[in-house]
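Here is what each chain is made of, one letter per residue.
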Amino acid sequence: MRIPPRITQLGAILILGSATLLTLAVLAFIIVFVLEKGLPVLSLRFLFTNPQDMGRAGGIFPTLVGTALLPLLAVAIATPLGVGTAVFLTEYTRESRVTNIIRFGTDCLAGIPSIIFGLFGFIFFVTTLRMGWSIASGGLTLAFMILPTIIRTSEEAVKAVPKSFREVSFSLGATRWQTVRKVILPNALPGIVTGVMLGVGRSIGETAAVIFTAGSSLRMPTSLLDSTRTMAVHFYILAREGISTENAYGTAAALVIAVLSVNLLAYWLMHRVMAKRS
Amino acid sequence: MNPKIDIQGLSVYFNRVPYLRSVHLAVPANRILGIIGPSGSGKTTFLRALNRMNELEPGSHVEGSALLDGQDIYHPQYDVVGLRKKVGMVFALPVALPMSIYDNVVYGPRLSGNQRHRLDELVETSLKAAFLWDEVKDRLKTSALRLSGGQQQRLCLARTLALEPEVILLDEPCSGLDPISTAKIEEALTLLKERYTIILVTNNTKQAARISNETAFFLMGEMVEAGPTERIFTGPSDKRTNDYITGRFG
Numbered sequence: 030m031r032i033p034p035r036i037t038q039l040g041a042i043l044i045l046g047s048a049t050l051l052t053l054a055v056l057a058f059i060i061v062f063v064l065e066k067g068l069p070v071l072s073l074r075f076l077f078t079n080p081q082d083m084g085r086a087g088g089i090f091p092t093l094v095g096t097a098l099l100p101l102l103a104v105a106i107a108t109p110l111g112v113g114t115a116v117f118l119t120e121y122t123r124e125s126r127v128t129n130i131i132r133f134g135t136d137c138l139a140g141i142p143s144i145i146f147g148l149f150g151f152i153f154f155v156t157t158l159r160m161g162w163s164i165a166s167g168g169l170t171l172a173f174m175i176l177p178t179i180i181r182t183s184e185e186a187v188k189a190v191p192k193s194f195r196e197v198s199f200s201l202g203a204t205r206w207q208t209v210r211k212v213i214l215p216n217a218l219p220g221i222v223t224g225v226m227l228g229v230g231r232s233i234g235e236t237a238a239v240i241f242t243a244g245s246s247l248r249m250p251t252s253l254l255d256s257t258r259t260m261a262v263h264f265y266i267l268a269r270e271g272i273s274t275e276n277a278y279g280t281a282a283a284l285v286i287a288v289l290s291v292n293l294l295a296y297w298l299m300h301r302v303m304a305k306r307s
Numbered sequence: 026m027n028p029k030i031d032i033q034g035l036s037v038y039f040n041r042v043p044y045l046r047s048v049h050l051a052v053p054a055n056r057i058l059g060i061i062g063p064s065g066s067g068k069t070t071f072l073r074a075l076n077r078m079n080e081l082e083p084g085s086h087v088e089g090s091a092l093l094d095g096q097d098i099y100h101p102q103y104d105v106v107g108l109r110k111k112v113g114m115v116f117a118l119p120v121a122l123p124m125s126i127y128d129n130v131v132y133g134p135r136l137s138g139n140q141r142h143r144l145d146e147l148v149e150t151s152l153k154a155a156f157l158w159d160e161v162k163d164r165l166k167t168s169a170l171r172l173s174g175g176q177q178q179r180l181c182l183a184r185t186l187a188l189e190p191e192v193i194l195l196d197e198p199c200s201g202l203d204p205i206s207t208a209k210i211e212e213a214l215t216l217l218k219e220r221y222t223i224i225l226v227t228n229n230t231k232q233a234a235r236i237s238n239e240t241a242f243f244l245m246g247e248m249v250e251a252g253p254t255e256r257i258f259t260g261p262s263d264k265r266t267n268d269y270i271t272g273r274f275g
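Chains as they are written, first to last, in our numbering: chain A, 30 to 307; chain B, 26 to 275.
Honestly, the hints are just simulated from the structure, not real lab data. Don't take every hint at face value.
Unchecked claim - Simulated coverage check for chain B against chain A, where a stretch passes if three residues somewhere in it have a Cβ under 8 Å from a Cβ of chain A: (1) 96-109; (2) 118-127; (3) 133-146; (4) 159-168.
A virtual CB, placed ideally from N, CA and C, is assigned to each residue, including glycine.
All chains should be modelled from the sequences, with the hints used to inform the complete structure.
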């Protein structure tokens, strides 16, 4: 028997709608859960004072600094490398076996578990290059970890710039580089920023790769060669070692709020840039 | 008088398939050459061969030569970027770059590092020559994407004029435009031929008859015949030309 289109239409709306609702519900549940447990602990004092007794008392100031520095360093290293690779692959090479191999390689890199990156970072940066457990080792390791994401999203963004824009630019006597700088990068910017934000998101919450490379020192770092502890690692240690459940949730709440505000800031910036240009 | 462009046995292939076969044609300076022919006849390929845009496509290959002021633009040492500044192009679909009207017009001149006051000057003269100045002079800094299709195409013409080229290639510039915008572009072209050599590809035979001095008829990758527009339209020497302009095919 054929189901009347009116019914299938209704069914589609129902199923798609509930899928959307469920997704939002899960997100809301996680955020509410973490905030409910963490907000009572959270205060400006908690955020901006040093921890005492391994985090049992006091605040989380050094981990706040570590959480800001590591992703920042990672993104600062990975963005030029990733965007450069993406532009080179799409604009300067023709589709060939070599570009496909490079692309396959970056895809594989994206699938490697973060703890493997941590191990690699530990062996290469921490011991072989004698950088020790440090912000530099951690930042470099995270940079490699988020590189594939940035390459892939930037590549899609660059490819999405209409071919006609390139033709116009060339026809007006622009070189390939001038075309990249004046037409392609500005138009691919929203996509590139999305990739960078995904990278920030991944590295801000990373624990495995960070413990191995940046260590877990609770002291305030004074140079890039100092060890540091991120909020994610702090939460892990506080909870795992049973040091303080309250402070663990306080840290988790701070982390969630940090991630949300970074995303909101990025969206806001993006909208401003887009509004200015159209 | 020497021709501005002298095309000698020019063939263009994409992935070994010929799209243009051994075209010989001399284009005199300060005239409008109209190129007519059905779709797929190689008109656009021919046009894009004159500023070497075909080579942006993978698998393209060119034989023969095209002399601009006596120099072969396909010589390995020829400066392509310089060529595209001398031979400007307007595409079939108006493509305004997502930037302001002003920035669109000065896109080319700015690449060659012109001074600010010189750019201002170029914007005004180019937009005036393209019959767009009066409509946009108060909003040069607003986005070009807000212009109508007809305005965008005149912006594209102005953008090409701002290069101060010697030759202007137009690829069906009026195909998507209303009659009034078309008339404005035609009027602009008629005035512009005083200073430029213009090659106009058009699907509209009447347009070629109205504004071109010479006309060339292309069919299936070959140039069938070329000559003064009046003669082509009144007494073509090839039967295929006659069939096309009288509307028997194409």
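Outcome of the hint check:
no.	hint	verdict
1	96-109	holds (count 3)
2	118-127	holds (count 5)
3	133-146	holds (count 3)
4	159-168	violated (count 1)
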